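Number of protein chains: 4
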Amino acid sequence: MTRLAIIGAGLMGEDHASIVARDLPGASLQVVCDMDLARAKAVASTYGAADVSDSPESVIARADVDAVIVASPDFTHAPLSKACIAAGKPVLCEKPLSQSSEDCLGVLKAEQAAGRQFVMLGFMRRYDQAYIEMRAALANGTLGRALMMHNFHRNVETPAADFTGAMAITNSAPHEFDIVRHVLGSEFTSVTAMQPRRSDDRVAPVVMVLETRDGQLVTIEVNNNAAYGYDVRAELVGEAGSVAMNQVAYTRTDRKLASSTRYDADWRGRYHEAYVRQNRDFLRFVETGTFPAIASSSWDGYAAAVVAEAGAHALATGQRQTISMMERPAFYAGVKGEAA
Amino acid sequence: MTRLAIIGAGLMGEDHASIVARDLPGASLQVVCDMDLARAKAVASTYGAADVSDSPESVIARADVDAVIVASPDFTHAPLSKACIAAGKPVLCEKPLSQSSEDCLGVLKAEQAAGRQFVMLGFMRRYDQAYIEMRAALANGTLGRALMMHNFHRNVETPAADFTGAMAITNSAPHEFDIVRHVLGSEFTSVTAMQPRRSDDRVAPVVMVLETRDGQLVTIEVNNNAAYGYDVRAELVGEAGSVAMNQVAYTRTDRKLASSTRYDADWRGRYHEAYVRQNRDFLRFVETGTFPAIASSSWDGYAAAVVAEAGAHALATGQRQTISMMERPAFYAGVKGEAA
Amino acid sequence: MTRLAIIGAGLMGEDHASIVARDLPGASLQVVCDMDLARAKAVASTYGAADVSDSPESVIARADVDAVIVASPDFTHAPLSKACIAAGKPVLCEKPLSQSSEDCLGVLKAEQAAGRQFVMLGFMRRYDQAYIEMRAALANGTLGRALMMHNFHRNVETPAADFTGAMAITNSAPHEFDIVRHVLGSEFTSVTAMQPRRSDDRVAPVVMVLETRDGQLVTIEVNNNAAYGYDVRAELVGEAGSVAMNQVAYTRTDRKLASSTRYDADWRGRYHEAYVRQNRDFLRFVETGTFPAIASSSWDGYAAAVVAEAGAHALATGQRQTISMMERPAFYAGVKGEAA
Amino acid sequence: MTRLAIIGAGLMGEDHASIVARDLPGASLQVVCDMDLARAKAVASTYGAADVSDSPESVIARADVDAVIVASPDFTHAPLSKACIAAGKPVLCEKPLSQSSEDCLGVLKAEQAAGRQFVMLGFMRRYDQAYIEMRAALANGTLGRALMMHNFHRNVETPAADFTGAMAITNSAPHEFDIVRHVLGSEFTSVTAMQPRRSDDRVAPVVMVLETRDGQLVTIEVNNNAAYGYDVRAELVGEAGSVAMNQVAYTRTDRKLASSTRYDADWRGRYHEAYVRQNRDFLRFVETGTFPAIASSSWDGYAAAVVAEAGAHALATGQRQTISMMERPAFYAGVKGEAA
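Chains U, G, S and Y, in that order, are what the protein sequence lines are.
FYI, our numbering numbers position 151 of the first sequence as 151, with every residue one higher than the one before it.
FYI, our numbering numbers position 318 of the second sequence as 318, with every residue one higher than the one before it.
FYI, our numbering numbers position 121 of the third sequence as 121, with every residue one higher than the one before it.
FYI, our numbering numbers position 204 of the fourth sequence as 204, with every residue one higher than the one before it.
No lab work stands behind these hints, which were simulated from the structure alone.
If you're wondering where the values come from, they're calculated on a predicted model, not measured in any experiment.
Any given hint could be a false lead.
[As the list claims (entries may be wrong)] DSS-like, lysine-lysine: derived pairs with alpha carbons at most 27 Å apart:
#1 G:Lys-256 <-> U:Lys-256
#2 Y:Lys-109 <-> Y:Lys-41
#3 S:Lys-256 <-> Y:Lys-256
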C-alpha cells in the first residue's frame, strides 16, 4: 500500500483526496496538510486520512509518507517540489510548477542533481480521451502532417474581479500550452497576444497565435468571462483532415421550441476521468520509479512557464515575442518522446 | 407561360400562390378561387393573380386556365380532382385525395376512363432532401436490404380541441404512410395502433406498427400535442446500416449553461424547399404530359386512404388489422416504380 | 476491507475483477472461481486475487468471503443467489436472475424467509448517466407527465448463429424492460412483438410495443445484427417535452468528404462507468446492509422475467399478451420507490 | 419583365443563368455574353436566353437589357461596373470589385458622379441563413456586445498549383472580410497574417487576426487545401454567449462502426439559397431603384480590397499592418447601417 500525503486541502486538494479514496486501490491517504488545520481535518475525515498537519515540510519528511500530492497555492509549488526531491519522494505537483521560469530551472537543477525524476506535473489533459484520440489520429496517419491547432478555453467568470489578461496567460493558458506541445510534439518559437475590449471592467478574452519549431500555427483563445459555461474546445488540423473535440453530453432535452444540451459551470465534471487516469499513472510511477510515458515533467513545467512569460510580454508590448528556451537536458524526455 | 388556378386561399393555398409567384418562372397565377371572395382577392393581390372567383367548377372550366392547384377543404379534393379530369386539366391536389378509399376509387376510375393521368397528389415529402438521401442509400446498396423504418411526426399542438386519435391517423399519418411506401417501395399489409393516456383531454399520441409485403416493419408515432416544437424524424434501418434524418438548424446558441438549436412552430420552414421542388415537377408535368417519376398519384392517394382506414379501425378495436388494397391497375406505376 | 468472491471468470467476470481491483478501494478480491481452473487462475493473477476455486458452493461458504459477484452462465444465477442467501451473504448477480419467472419466485421466497435482502441484480443501466438524467427530468417536472419511451438496442452481430427472436427477448431485452420500469416507475401490463424478415438466416430485429399500468406506451427494438455498431438509444417523451440519449463521442474526424464519430463494437466502453458506479453501490450495500435506492432487486429480476416470458409468447403467437405479475410483496420496494 | 444580361458564362455565370431561369419570375435572360461564343451559346440554350454575344460593352449598351450580372474574370469587374454606371444600368458584380483598392475608388467616383448607386456586389453570404441568425442574435441582445468572431474557410484543394498565400488573402478571404464587417457592423483597423509550413508545395493555410474600430478581435483561417471537404465555419462570441454555424446535413449514416455526415466538394450546395436570395434582392433593386438594406455596395468592395491589400502586406512582411481606409462618403451606407 502506497502512503500518500496531500498538501493543500482546498478545492483541488479535496478532489485529489477523493480520487485517492475512491479510485486508487493500492494507495492510502496518510496525511492531509493545510495551513488551516480545521480544513485539513474536515477533508481528512471525509476521505479517511490517517493524520493531519499544517507543516508541509515535516509532512514531506515523514517516514510514513511514500509520495506527495501538492495542491497548495501556486507560489509554494516549486519549493515544495524541491523539498520532495530532497526527501527522495515522488511528487504530483499541481500546475504551474512556477510562474517564474527561473524558479522552474531551480527545480530542474535539483532534480538532475538527485539523479532521477521525482516531479510529475498536474497537466491532466494529457489523460483526457479527446486529446488522446487527437494524438492517435496523428500517430496512425489519419490526418497527415499536423498544420494547425485551434484551442478555446472558456470559463463562466473569473474568480476574482482583479483578474488580468496577463493572468489569463500565466494561470489559464498553461493548460493549453502544455497540451499543444504534447499533441503536436513540437516546441513553441513565437507568440503574439491580443485582446478585444469589453464594455465592463472584467478581463477580456486573450487571443494568442503561436508558432512551433516544426512550422505549425496554433491559436489559443482564453475567455475567462465567457458567461455561458465551462467550455474547452480544440481542433487539430492536418494536411489530410481534422479531428475536433465534441461537447460531451449524455442527453439532450427538447422543450419550448429548442433542443439543448447542458454545459457545466466548472471544469470538474469534464476532466474528472482525466484526473483519475493521471493519478493512477502517478501511483504506478511511485510504485515502479519509471516516469510515465505521457505525463508532464518538470521540464514541461519549465516550458509552459517560458511560453507564458513570453505571452504576457507579447500582450504587454503588442509585439510578437520570440520564445527562447534553454536546450533540453538529455535527462528529460522531449515532446516528441525522445528518450530522457 | 402556363396559366395556373389555385382553388382554396387558406394557409396552404397562399403558400402555393407564393411559390407560383416566386419560384415558378414559366407559370402565371391566373385565378385565385375561394368561397370567401375577400380572402381570394387578398391573396390574388399579394401574389399578382390576374383574376379571382368563388366558383371552383367554373374556374376549372375556364379556357385561360391550363392547370389547377387544389388547396380547399379535404372533402372537396376528390370531386374537384374529378372535375379537373373531366376538363382534361392536370391538377396538383393537396393530400388527402379523400379520407374515404371508396371516393378515391371514383377518382381512379374517372382518370383511367380519361386515358391518362391528370392527378398529382401533394405528398411533398417525396421531394424532401432527407428522404431523397434515404432512397439513394437503399438504391446504391449502402444499407443493404431495408428492414425497418421508424417515423415520428410531432406538432406543437392540435389546431382544434376536439381532434381525436382517429383524426391523427386519417389527417396527419397519411404523410408518413405515403413516404414510407415511397422509400421502402413496398405496400402495407397490416397495422396495429395504440395510444398512451394523457393527463388532460387533448389527443394523446398514436403509435402504429405496420408490416409490408416485403416483410419490413414500420413504426409511426403521431404526436399532435408534442408541445416542444414541430419535429419530424425518420430512420431507415437496413441489414448493413442505417440512415437517419438530422434536425436541420443553421446555427446553435450557447447561453446560460446550455447549447441549443431552435425548432420551428410549424411545418412550413422545414418543408418549404420540398414544396417548391414538388410544384416545379408539377409544372413540368403540365408542360410535358409526362407524370413525374417520384410524384404521388391518385393511386398513392387511394393507398394512403386504405391504410388510414385500417389504422383507424385498428385503433378503435385494439386489434391488428389486415390491409386489403385492390390490385394495382397497370395504368398506375407501383411503389417499386413498375411502369404505369 | 470487504472480501469479495467472483464466480465465473468469463468476459463479464473478468470485467468485474478489473473493477474490484481498480475502482473499489475498500474491497479485495479474495477468490476467483470458474469451472475452468486455468481461466480462474489467469484472472486471479492479473487482478491480484488471493485464491482460486472451481467450486461455487464452497466459495460461497468460505469464512473469508464477505460477499459474492455472480457472473457465471445464466442457468446458475438463481441457484447461486439462493446459496448466497442461505449463507447470509450479499450477492451482485449478473442479469437475468433467471429466464424462468418460476425460478425467480424461488429466490424471492428464500430471500423473504431470510428476513432481509441479499440479492442485487446487475441491471447496471440504472447507474448510467443518460438514464439518470431522464429520471431527473421527470422528477423535476421538466417533461411533464411521461407518455412514451422509445428504446433501441443494437449489437454488431449475434454471438451464435442459432440465436433466435425469442432469445433477443429473453437475453437482450431484459436490460430494456428493467430500465424502462425504473425510468417510468410503472409496471408493464401488455406486450406485442413482431419481426421483419431478413434476407439471410441471422436473427431479425424484434420490435415490441408495451403498455404500462399508468397508461404509457413503450417501444423497444432489439436488433442483434445491426452490423454498424453497438448502439443503445432511448427517448423519454413527456407531455411538455422530451429527453433523448446522445451518442457519446469525445471527438469527430473530418476526412474524405465526411465528418464522422466512432461506434464501439461492444457495450463495454459505453457502460464501463455504469458498472463501476453499480459495483460501488454494491460495496456500500455489503458494508451497510442497506439496499441501494436505485439498484435492481430480486423482485426486479422476477419482473423482467415475467415480461420476457410474455414477450416471447407474444412473438410466437403474433398476439398481444397480457402481462400478469404476482402482487409485489411489501418486502420489496416498487418501481415508484414505495418503501420495501 | 426585367431583361437581364449575364457577362461571363463560366461556372459562376452559368449558376447565375440557372437562378434567373429557375428562381426569378419577373426576370428574363436577354443575353449571355462570353469571349468564348460557343460557351455563351451552350449556356443560352440550356437556360433559354434570347441572344448571345462576345462583346461585353455592346451588351451593356443594348436597349433591350435593363440590368447586368457580371461573372467574368476578376480584372474585368471594375471596368464593366463602370460601363454599367455609364449606361445607367444596375449591375450585380461578382466579388471582388477589384483586387486594387485604387481601382475600386474609380468605381466609387463614377457612381457618385452618376448621382445614385448602380453596383451591388456579389458577397452572397449576407443572405445566408446562418449569418442572418448571427446578426439577429446581436440585434436582439441575446449575445450582449460582440467581442470576437472566429472564421474558417476551407476548400478541398486549390484550383491552380501556383496559388499563393497572398492569393488566399486577396481571392478567398474577401468573403470573410465582408461578412465580418457586416455581422459586427465595424471596420477593420489592423491585420496580422501568418502561415504554417506544409510538407509539399501546395499553398499552406493563412491565419489572420484582425482588430476593429469597436475593439473586437477577429480570427480568419483560409485553408485552400483542407483536403477533407468544403467547409465554412463561423462563431460570433459576445459578452453573454455565442452563436456558431452548424454543419448543415439532412441525414447521417451509420455504417462500419461510424456515424457520418457528408461534406460537399465545393461551395455551390452550401450557398445556393444565399445566391437565390441575393439575386432576388438584386431584381427588386432593378425594379425599384432602392439599394437593398443588406446588400454589398461598391463601398463594401473597396473596403474588402483595402483589407486584402493590408493582409497581403502583413503576410509578406510578417508585421501587423494598420488598415487605412478613406473616409466613407455619405453617399454610401456604412456597416452599421448609417443612412447613405
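Exercise. Keeping to a limit of 27 Å between CA atoms, is the pair of Lys-256 (chain G) and Lys-256 (chain U) held or broken?
Worked result: 15 Å, holds
Exercise. Taken at face value, is the distance from the CA of Lys-41 (chain Y) to the CA of Lys-109 (chain Y) at most 27 Å?
Worked result: The given pair, whose Cα atoms are some 35 Å apart, is violated under the 27 Å limit.
Problem set entry | Pair hint Lys-256 (chain S) and Lys-256 (chain Y), alpha-carbon separation not exceeding 27 Å | 15 Å, holds
Hint violations for this structure: number 2 only, all remaining hints satisfied.
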